[in-house]
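Trainee: Residues per chain, in single letters:
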Amino acid sequence: MHLKIGIPRGLWFYDYYPLWKSFYEELGAEVILSSPTNKSILDKGVKNTVDEACLPVKIFHGHVLDLKDRVDYLFVPKMMSVYEKEYICPKFCGLPEMVSHSIKDLPPIIDTEINFNRSRKHLMNTVYRFGSYVTKNPIAIHRAYKRAVEEYSSYKARMKEGNLPINGEFCERYKNKSGISIAVMGHSYNIYDKYGSMSLIDKLEEMGIKIITPEMMDYATINQHTDTLEKKMFWSYGRKLLGTAMHLTDTKTIDGIVYLSSFGCGIDSIIEELVERKARKDGRMPFLLITVDEHTGEAGVNTRLEAFIDMIEWRKRNESNLSTHG
Amino acid sequence: MKVTFPHMGNQYVATKVMLEELGVDTVIAPQCSHNTLDIGTKHSPESICLPLKVNIGNLMESVKYGADTVVFSGSCGPCRFGYYSILEKEILKELGHDMEFILFDPPQGDYKTFINRIYKLAQTRNPYKILRALGKGVQVLYQVDALDAAAHYKRPRQKTIGEVDIYYDKFHQEVRNVCGYKETSQLIKEIKESIMNIEEDPSREVLKVGIVGEIYTIIEPFVNLNVERKLGEMGVEIEKSLKISHWLTEHLFLNPLKLTSEGKTRKAAKPYLRTMIGGHARETIGYTVRYARRKFDGVIQIYPLTCMPEIVAQSILPTVEKDYNIPYLCLIVDEMTGEAGYTTRLEAFIDLLRRRKERQESEELLLRC
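From first to last, the protein sequence lines are chains E and C.
Numbered per the UniProt record's numbering, the first sequence spans residues 1 to 326.
Numbered per the UniProt record's numbering, the second sequence spans residues 1 to 369.
Simulated from the structure, these hints should not be mistaken for lab results.
Fair warning: this is a prediction, and the values are worked out from it, not measured in the lab.
Please note: incorrect hints may appear among the correct ones.
[Unchecked claim] Chain E is faced by these chain C residues, among others (derived, beta-carbon under 10 Å):
id	residue
1	Leu37
2	Asp38
3	Lys42
4	Pro78
5	Tyr84
6	Ala150
7	His152
8	Tyr153
For every residue, glycine included, the Cβ atom is placed at its ideal position computed from N, Cα and C.
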């Protein structure tokens, strides 16, 4: 009999799922993903989470409920830190606890702690702990891990080439016709979740716009830029976004930035502010902030997006680069 | 150099003494008021948490009195407090106040910068002088916390309601006019004595409630809408999970040596939250458990809207409430919090606690018959 492991399609899913999926499949377990976010998942999530949590966390709870009765194990690792001296959002750190106290009658949770804040010395220990839910054979775990890392690297490489994992899957994209390119910034779990982001990326692409996301950036470039910060940015997601913004405002290869944030996101409340300051002041670049929560109306977002794109088109057409002061 | 710093409850008394002992020119921001919050809200990012907005208000008000340097502490994540200093600097710069920031972040191995910053603030390299001033500051911190404890004890028991706060308010007015360790400590002693001498009403039924949550909101009375005064006057004795004196000992002296005085709290929180997740979520849960074990009548959690660690704690606390059978109320504050609604919730909660206690007592009586 195969062990069924359920991976919820939320939060870290868009960054890491190929790694974990192929790891467990290689070990002989069956991996079940929850369905892409939809209305019922969102509604269930909203009902079962504290009101103050942000939209992606609510959606995550919805995905857990979607998987709950179909799997033997739920995969909700305790992600504390993935790089040295960096953290992920406190809600990620307490996610297994949040889930298990908010939802009753859950299957056992794989809640191994991932913490590389001090160093990566214990990486293999962590991997064994993850693997031990399926097999106790260290050689098999080691082999599976190696395969998984290959899979993960190729996933990341494809993202870097410009493929967008909408809902975690790559598919045929629209052609860029208008000559406008826009950076869509935000946490990966916001921008790649089709329902949660109200198809933001699809809408822009339908208008023929080329999309740049932080995942397409070169890590070395990001690190180079963030090293110049006055104080080390201690959130991994935040560092990626800030580095991307610094790079884009430096090179000026894009026409504007759309920042998608979820209401109540602590990291965005700081990063968004810094990115906006960079974009407007250093880059002199149009900037649009879209904040979503479970009440956001799609029509309002559409109007704002269209107005933003219209403005960029005018700007491109009419701008003579002459000072208006004469 | 005229140094200022943001408010956080009674912390200013200690910081003032420390800087005065060093001979540094200091500007104390006016007490937090609605004006402070308005200024802060106007200039801060919309979705940032409340403490930053109040901090900005404090600093802007200090600027009017000629402050040009800010002393601030920090952390290195995962709570957003760690990036406050950078954001505050940016905001003030944009408003045309290019203030110098002297930051005291946890050194993380870089002790040289840390020590240089101390020299810069102290304007002396004499370690004896610095340590003496620091010691005096810490002593005052413990003294004001003891003063607070006395007020917490007396408020629910005072015969004439409001008497404690006559002295307490007087303290805050007068402390601004005194200078140095000796005078301040003398003033604290006098006020504490007068508070302890207030006549008590022995017939009062006093309830005991623990206050847990985010450190800034539970310590700064303006931000929590004076919850200690409100509860005290309803006949409730409170105990706060976090005090600055305690925080300081923990972060300044014990943590660098990899020690902690929070072992008991961490152990109490362990079945619910295994690791630290930033902020004070673990303490919030741990103290709730400890208060329940000490048979408190209830627990109130207070935190600023969108505070990430406390949201995690909030989703766990209902389980603790059930496991230990202790009533729990969650209050979230931001710049829009209305005082009337807040008071109503507090009153309703205290009414419930009182009923519950009466019922428990009569049940015991019945069982004994």
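Trainee: Each hint should be assessed against the structure and marked as holding or not.
Mentor: Status of each hint after checking the structure:
1. Leu37: With a closest approach of 17 Å, the leucine 37(C) hint is violated.
2. Asp38: Given a least distance of 19 Å, the restraint on aspartate 38(C) is violated.
3. Lys42: Lysine 42(C) check fails; min Cβ-Cβ to chain E is 14 Å, beyond 10 Å.
4. Pro78: holds, 3 Å
5. Tyr84: Since chain E brings a Cβ to about 9 Å from tyrosine 84(C), closer than 10 Å, the hint holds.
6. Ala150: Given a least distance of 35 Å, the restraint on alanine 150(C) is violated.
7. His152: With a closest approach of 28 Å, the histidine 152(C) hint is violated.
8. Tyr153: This hint is violated: tyrosine 153(C) lies away from chain E, its Cβ roughly 33 Å from the closest one there, beyond 10 Å.
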